[in-house]
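Spelled out, the chains give:
Protein chains: 2
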Amino acid sequence: MSFSLAESRQVLERTPEVLEAWLGRLSAEWLHANEGPGTWSAFDVLGHLIHGEATDWIPRARIILGDAEDKTFPPFDRTAMFAASLGKSGDQLLAEFARLRARSLAELDAWKLSEADLDRVGRHPEFGEVTLRQLLATWTAHDLGHLAQIARVMTKRYREDVGPWRAYLSLMSWKG
Amino acid sequence: MSFSLAESRQVLERTPEVLEAWLGRLSAEWLHANEGPGTWSAFDVLGHLIHGEATDWIPRARIILGDAEDKTFPPFDRTAMFAASLGKSGDQLLAEFARLRARSLAELDAWKLSEADLDRVGRHPEFGEVTLRQLLATWTAHDLGHLAQIARVMTKRYREDVGPWRAYLSLMSWKG
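Heads up: the sequence lines are chains A and B, in that order. All residue numbers for the first sequence refer to my numbering, where the first residue is 1197 and numbers rise by one. All residue numbers for the second sequence refer to my numbering, where the first residue is 1197 and numbers rise by one.
The hints are simulated quantities; they were obtained by calculation from the structure and are not laboratory data. Mixed in with the good hints there might be a few duds.
No copy is singled out in the list; a pair is fine if it fits within one copy or between any two copies.
In silico SDA-like cross-links for lysine to any residue, where the CA-CA straight-line distance does not exceed 20 Å [said to hold, decoys possible]:
| no. | residue 1 | residue 2 |
| --- | --- | --- |
| 1 | Lys1284 | Asn1230 |
| 2 | Lys1267 | Pro1360 |
| 3 | Lys1267 | Gly1359 |
| 4 | Lys1308 | Glu1203 |
Small disclaimer: the values here were computed from a predicted structure and weren't measured.
If we strip away everything but chain A, and leave its shape as in the complex, we get:
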């Protein structure tokens, strides 16, 4: 096990800045490229991250830390962002995500979680009992997973353009 709250926080607080540097004022060709029907663009990923701040990570941690007898998390809606992002620009989504993430981390900090708190449990609607530590580790890994996804979606635009070098570019063939 490698989890540390301080180290996770380091990653979580950087994600908005990484995304801003990567996607801020980026051309629509990059921002809205996807991997085909039913797949997500970088723009869609931003909407998904926003929806996660609003309904997933901190709200689930609140359930774990709260007094309710039933600590089952509501299921996460993986397509809610398509409607929520309509009519917004990438830069608007970046700003919204940065604002929500800062608010999430302020709430996390205010809890001053102990190791015992990190052992507290909630119930995932699919796989049952999970700890707060697992939730926070997953929040961190989830950020990193979507950074990798953005790289993958963008690189696949150049699948043909790279010619024979494709054999060296393992990201081109990652299905995700």
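Dock chain B against chain A, hints included.
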């Protein structure tokens, strides 16, 4: 085919800022984590990107655009960075990469490449004739591939910590 010089340049110029936001002043636990013996950490990737600026992308483009009869590229050394990075900090590597990338892009801009220039060819030591367009598309995809790699290496630190959520985190099982 999707390649455009202006769009590639957008990605190439952002990579140093993305890496700075992601890895600047990051704890050693994240920066030096790797995936086991013989694999690379984020720190190693930075060294690899620096070595690419110095010996791969622009130097190979110079060969393509030059007058030499033999336009075979020298092979790229994929382990040179281990020695070159010794004793340096991550922040030093970030600054060095940013400086070299800016210099590379200044040279690229100065060439004012035409579509005809992009069709000019060199010879890859392994797979033969390649165009300047393919080289520049690969440079772009190569940046994105290493951003995804950094995400992967970091996320694998939490392979056990995420518990049952591992099943949802496809980056955890990407071999790269």
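Intra- versus inter-copy proximity for Gly1359 and Lys1267 (alpha-carbon distance at most 20 Å): between (52 Å within a copy, 18 Å between copies)
Status of Glu1203 relative to Lys1308 across identical chains (alpha carbons, at most 20 Å): within (15 Å within a copy, 45 Å between copies)
Homomeric proximity label, Lys1284 with Asn1230: Cα distance no greater than 20 Å: within (18 Å within a copy, 38 Å between copies)
Same-copy or cross-copy closeness of Lys1267 to Pro1360 [CA-CA at most 20 Å]: between (53 Å within a copy, 17 Å between copies)
Every hint, counting from the list given before, is met by this structure.
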